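Engineer: The listed protein sequences correspond, in order, to chains A and B. Quick note: the first sequence uses the numbering used here, first residue 16, plus one each step. Quick note: the second sequence uses the numbering used here, first residue 2, plus one each step.
Check each hint, because a few of them may be wrong.
Below 20 Å or equal to it, Euclidean Cα-Cα: the simulated EDC-like pairs (lysine to aspartate or glutamate) are [as the list claims (entries may be wrong)]:
#	chain 1	residue 1	chain 2	residue 2
1	A	Lys-96	A	Glu-84
2	A	Lys-96	A	Glu-86
3	A	Lys-96	B	Asp-19
4	A	Lys-96	B	Asp-54
Derived by calculation from the structure, the hints in this document are not laboratory data. Just so we're clear, the structure is a prediction, and the values are computed from it rather than from any experiment.
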Amino acid sequence: MTAPMDRREEDVALAGEYALGLLDPAARQAFERRLMAEPALRRMTAEWLEGFATALEDLAPETPSARIESELDERVSALLKRRGGFSLLRFLAGGLVAALLALALLAALTVTSPRVSAHLVAHYQADLRSEDGRLHFTARFDPSSGLMAVTWHQGRAASGRVLQLWLYPRGAAAVPVPLGLLADRADTVLALPPELAARMAGGDVGISGERAGGSQSGFPTNLILRATLLPAGIFTGT
Amino acid sequence: MTPSREVEALLRRMAARDRAAFITFYRRTSGRLFALLRRMMPTPAEAEAVLVDSYLAAWRESGRFETSGLGPYAWLVHLARSLALDRLRARRQIAPPDAPRPPGPPRERQRQRSLLSFCLAGINAEDAAAIEAAYLDGAGYPELAARQGVPLDRMRQRVRGGLVDLMICLRG
Numbered sequence: 016m017t018a019p020m021d022r023r024e025e026d027v028a029l030a031g032e033y034a035l036g037l038l039d040p041a042a043r044q045a046f047e048r049r050l051m052a053e054p055a056l057r058r059m060t061a062e063w064l065e066g067f068a069t070a071l072e073d074l075a076p077e078t079p080s081a082r083i084e085s086e087l088d089e090r091v092s093a094l095l096k097r098r099g100g101f102s103l104l105r106f107l108a109g110g111l112v113a114a115l116l117a118l119a120l121l122a123a124l125t126v127t128s129p130r131v132s133a134h135l136v137a138h139y140q141a142d143l144r145s146e147d148g149r150l151h152f153t154a155r156f157d158p159s160s161g162l163m164a165v166t167w168h169q170g171r172a173a174s175g176r177v178l179q180l181w182l183y184p185r186g187a188a189a190v191p192v193p194l195g196l197l198a199d200r201a202d203t204v205l206a207l208p209p210e211l212a213a214r215m216a217g218g219d220v221g222i223s224g225e226r227a228g229g230s231q232s233g234f235p236t237n238l239i240l241r242a243t244l245l246p247a248g249i250f251t252g253t
Numbered sequence: 002m003t004p005s006r007e008v009e010a011l012l013r014r015m016a017a018r019d020r021a022a023f024i025t026f027y028r029r030t031s032g033r034l035f036a037l038l039r040r041m042m043p044t045p046a047e048a049e050a051v052l053v054d055s056y057l058a059a060w061r062e063s064g065r066f067e068t069s070g071l072g073p074y075a076w077l078v079h080l081a082r083s084l085a086l087d088r089l090r091a092r093r094q095i096a097p098p099d100a101p102r103p104p105g106p107p108r109e110r111q112r113q114r115s116l117l118s119f120c121l122a123g124i125n126a127e128d129a130a131a132i133e134a135a136y137l138d139g140a141g142y143p144e145l146a147a148r149q150g151v152p153l154d155r156m157r158q159r160v161r162g163g164l165v166d167l168m169i170c171l172r173g
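Chain B with its partners taken away, still in its complex shape (with noise of 0.2 Å):
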C-alpha cells in the first residue's frame, strides 16, 4: 500500500481543493478499498456505488481529517464502510431476515500479513470467524447466527469474547 504520510499529504491537498490530489488520492487508495466493498455488497453496480459515494464524502470531509484522531487508511475506511453498512441496513429493512451468504473468497496464506490476521489466528477460530465475516463481509449478527449454527444470544457473545481476546493482542 502507499505509505501512509503520502496519503496523508494528499488528504491535506484535498482539504485545499486541490483537484489532482484527489484523482491521486483515489488512484492510490481505490484498489483494496474496492476489493473490500466487493465483499461487503451484493452485486457490484452496488460496491462501484459505495465507492463513489465514499471518494466524493473523502473530498468533503477531507478538512475534518487532521482531527479524526485516525490514519488516512482507517480515516476513508471507516468512512466507506458506514456507508456500505447504511445500505445494508436499508436492504435488510425491505427484506428481512438476512439469508446467510457464502463467505468471502478465501485469501490467500501468504497475503494474511495484516496484524488483524495475525491477532485473529491467536483467538478461538469461530470467534475469529465471525469478526472477520463482521468486519470484511459487513454481515449483522442475524447473517453471523445462521452461518455458525447458533441462536443469536450465542452469537453476540461470541463475538463480544472474541473482540476482548482481540484487543488484547492488537494492543500487543
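Looking at chain A on its own, in the form it has when it is part of the complex (with noise of 0.2 Å):
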C-alpha cells in the first residue's frame, strides 16, 4: 500500500501497532493521551485486541510446570489473608503498573458521553509548584477510574534521583502511601486500587526525590512538594 493514509486510516494504523505493542515511549503515551479523551479510539483499540487474541486458538496449548499453580494458590492465599491498600499498593509496586494502565485505560471504553469522558481526570485536583517556579505539576484524580494523571509542566529530579508520588490521606495520624515513580519531563498516569479512592478526598499529595528504583523505607525521603486534592471545579470554574 503505497498511497498517503487518510485521518481514519492513520489511527486504525496506529491503534493496531499500540495493541501489538510497536509504538516507542513517547508515541505509546501520547496514544494513551488519547485513549483517556478519544472514545472511538478506545473501541478501535478493542476492536483489534479482540482480532488479535483469536490467534490464541491457532496456538496449541503448553502446559506450565505443576508448581506454578500451587504458587499463584499460595500467593492468593497470602492476599485474601492480608486484604488491604497496602498490600495493593506493594502489588502496584511490584513492576505491574504498565500492565494495570492497560486495563485502566480500556475500562474508559464504557465511558461513551462526552461529557464523562471529558471529565474522566479531573475530580479531585492538586497544584505542585515550588516557590522557584522551577518544578511544577499538576495531579488530576478520577475515583470513577482509579487513574491519577500527574502532567509535567517544569523541572526535573536532581541528577541521579527520580520523582516519586505519594498520598498523605487526612488525618494527623495518616502514615503517607506511595503512589509509584513520575516519568522524567513527562506526563505520568497511574491506576490506582479501589480501596485507595475513598482516602484521597481532601488528602495532600506530595512529590519526593529518591534514589533510583524509589524510596526502599516506604516513607518520603526527601519531600520537594505538596499541596491538597481539592474538587476540580475549585480550578476550573465549572
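Can you join these two chains into the complex? Each is in its own frame, and there are hints to help.
Structural biologist: Laid out in C-alpha cells, this is it:
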C-alpha cells in the first residue's frame, strides 16, 4: 500500500501498532493520552485486541510446570489474608503498573458520554509548584476509574534521583502512601486500587526526591512538593 | 477453548474473591496463554514468571473486567502481553539492538482456524508475516526490519499498510 493514509486509516494503523506493542515510549504515551479522551479510539483499540486475541485458537496448549498452580494458590491465599490497601500498593509497586494502566485505560471503554469523558481525570486536582517555579506538576484524580494523571509542566529530579508521588491521607495519624514513580519530564498516569479512592478526597499529594527505584523505607526521603487534592471545579470554575 | 461465558462467570466469581474460581480460571485458560508466552519470552523460566504475574494481576484486576469492553480471553491476553512486552523492553534497554530471533515454530495448517489467520492469509504475505511476528513473538520494529532485511522506515510502512488492510477483513 503506497497511497498516503487518510486520518481514519492513520488511527486504524496507530491503534493496531499500540495493540501490537510496536510504539516507542513517546508515541505510546501520546496515544494513551488520546485514549483517555477519545471513546472512538478506545473502541478501535478494543477491536484490535479482540481480533489479535483470536490467534490463541491457533496455538497448541502447553502445560506450565505444576508448581505454578501451587505458587498462585499460595500467593492468592496470602493476599486474601492481608486484604487491604497496603498489600495492593505493594502489588502495584511490584512492576505491574504498565499492565494495570493498560487495563485501566480500556476500562474507560464504557465511558461513551463526551461530558463524562472530558471529566475523566478531573474530579480532584492538586497544583504542585515550587516557590521558585522550577518544578511544576498538576495531579488529577478520577475516583470512578481509579486513574491518577500527573501532568508535567516544568523541572526534573536532581541528577541520579527520581521523583516519587505520595498520598498523605486526611488525618493527623495517617502515614504517607507511595503511589508511584513519575516519568522524567513527561506526564505519568497511574492506575490506583479502588480501596485508595475513598482516602484521596481532602488528602494531600506530595512529590519526593528518591534514589533510583524509589524509596526503600516506605517513607518519603526528601519531600519537595506537597498540595491538597481539591474538587477540580475550584480550579476550572465549573 | 472453554466457552467465553464460562470464563466470564469465573472472572465475576474472582472479583468476589473466590479462590476456587481463580484456580479453575487458571486451569481453563493457562495452556494457550503459556504457549503464547513461550513464544514471546526468550526462556521458559521467563515465560513462567510472566505467567505468574499475569494471573496475579488477573486476580487483582478481575473487578475491572466487566467495564473493559473486552471478552475474557482478549482481556487476559492484553494483560499478559503488556507484562511480557514490558520485560522485553527492559531487556532491550540493557542489550540493544535486538538480535533477530528465529521465527516461532510453524503452526500446523489445520490448526490455523482463527479469524486472525484467515484475515492474515488475505493480505500481502510480508505484511502478514511482520504483524504475526509482532503479536506472537513480541518482536519490535528493529527486529522485524532485521528479519525481513529492510530499512526501519520501510518496515513501519509495511506493517501500518498491512494493519489497514487487516482491519477491513476483521470487520468483515
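Engineer: Are the hints correct? Go through all of them and say.
Structural biologist: Hint-by-hint comparison with the structure:
1. Lys-96(A) - Glu-84(A): holds (18 Å)
2. Lys-96(A) - Glu-86(A): Measuring from Cα to Cα gives roughly 15 Å; hence the hint holds.
3. Lys-96(A) - Asp-19(B): At roughly 13 Å apart (the allowed maximum being 20 Å), Asp-19(B) and Lys-96(A) satisfy the hint.
4. Lys-96(A) - Asp-54(B): OK: Lys-96(A) and Asp-54(B) at ~19 Å, within 20 Å.
The earlier numbered hints are all upheld by this structure, with none contradicted.
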